[in-house]
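*Asks:* What follows is the residue order along each chain.
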Amino acid sequence: GDSVTQMEGPVTLSEEAFLTINCTYTATGYPSLFWYVQYPGEGLQLLLKATKADDKGSNKGFEATYRKETTSFHLEKGSVQVSDSAVYFCALRDTNAGKSTFGDGTTLTVKP
Amino acid sequence: GAGVSQSPSNKVTEKGKDVELRCDPISGHTALYWYRQSLGQGLEFLIYFQGNSAPDKSGLPSDRFSAERTGGSVSTLTIQRTQQEDSAVYLCASSLDRATYEQYFGPGTRLTVT
Numbered sequence: 002g003d004s005v006t007q008m009e010g011p012v013t014l015s016e017e018a019f020l021t022i023n024c025t026y027t028a029t030g031y032p033s034l035f036w037y038v039q040y041p042g043e044g045l046q047l048l049l050k051a052t053k054a055d056d057k058g059s060n061k062g063f064e065a066t067y068r069k070e071t072t073s074f075h076l077e078k079g080s081v082q083v084s085d086s087a088v089y090f091c092a093l094r095d096t097n098a099g100k101s102t103f104g105d106g107t108t109l110t111v112k113p
Numbered sequence: 382g383a384g385v386s387q388s389p390s391n392k393v394t395e396k397g398k399d400v401e402l403r404c405d406p407i408s409g410h411t412a413l414y415w416y417r418q419s420l421g422q423g424l425e426f427l428i429y430f431q432g433n434s435a436p437d438k439s440g441l442p443s444d445r446f447s448a449e450r451t452g453g454s455v456s457t458l459t460i461q462r463t464q465q466e467d468s469a470v471y472l473c474a475s476s477l478d479r480a481t482y483e484q485y486f487g488p489g490t491r492l493t494v495t
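Chain order of the listed sequences is A and B.
Per the numbering used here, the first sequence starts with residue 2, numbered consecutively.
Per the numbering used here, the second sequence starts with residue 382, numbered consecutively.
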């Protein structure tokens, strides 16, 4: 079945540091890939997505590139801010299925 | 417009009692999903409704769990004879249709079984 493996947290960075959160997947079909973010006390929000190989999703300074050859979708940001502190979830959705499969989440804390 | 809403936001119940959790999806969204998020864990898929099609129940952990969706809109997740391991945040999401990628999540219902 489908699965998503995320880099274990928690991750603690200083403001303006470079962020990478690794995500790899296994899927039987041709999935779309997503990063969701959950800020403290809030619900899950879609951060970015990529629907086919080599697509790059981007939003709020975050980027992730769909790499089919390495089955990866790593999240990156060049300069994190305190307001980026949240839990980040990598997810995939197979085009033949309605449900999404999520990773376990990575908690990011950014210190001033 | 209004997002996905869920009620109650918190529910504390005694072991062995039945509970009902409600989800109101975004108006016009034909696809509705239930997930469970246990402490420190990712989201576990429970059940998926798409229009008038038979739901995908493949994620329901036991026959104590059931869900229905009335009139293609509101959904209720029922847990019978609750156990302590059922304690989790239950999330509902909706999307425009099966093919649309974005799922919009509600705030969740935090269930605590004592």
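Since the hints were derived computationally from the structure, they do not count as laboratory data.
Check each hint, because a few of them may be wrong.
Said to hold, decoys possible - Calculated from the model, a selection of chain B residues having no Cβ within reach of chain A, i.e. all distances over 10 Å:
id, residue
1, Lys398
2, Asp405
3, Gly421
4, Leu424
5, Gln431
6, Arg462
7, Gln464
8, Leu472
9, Val494
What the hints assert, rightly or not - Simulated restraints on C-beta separations:
id, chain 1, residue 1, chain 2, residue 2, range
10, A, Glu70, B, Lys396, 47 to 57 Å
11, A, Glu77, B, Thr493, 11 to 21 Å
12, B, Glu395, A, Lys69, 26 to 36 Å
Predicted model, so just to flag it, every value in this text is computed and none were measured.
Cβ atoms here follow ideal geometry from the backbone N, Cα and C, with glycine treated the same way.
*Asks:* Now tell me if each hint is right for this structure.
*Replies:* Results for each hint:
1. Lys398: It holds; B/Lys398 is separated from chain A by about 26 Å at its closest Cβ, greater than 10 Å.
2. Asp405: Nearest chain A Cβ is 14 Å from B/Asp405, so the label holds.
3. Gly421: violated (8 Å)
4. Leu424: Violated: least Cβ distance 4 Å, not greater than 10 Å.
5. Gln431: Given a closest Cβ separation of 6 Å, the condition is violated.
6. Arg462: holds (26 Å)
7. Gln464: holds (22 Å)
8. Leu472: Contrary to the label, B/Leu472 does not stay out of reach of chain A, its closest Cβ about 7 Å off (not over 10 Å).
9. Val494: holds (22 Å)
10. A/Glu70 <-> B/Lys396: 47 to 57 Å: Since the Cβ atoms of A/Glu70 and B/Lys396 sit about 49 Å apart, the hinted range of 47 to 57 Å holds.
11. A/Glu77 <-> B/Thr493: 11 to 21 Å: violated (37 Å)
12. B/Glu395 <-> A/Lys69: 26 to 36 Å: violated (50 Å)
When each numbered hint is compared with the structure, violations occur for hints 3, 4, 5, 8, 11, 12.
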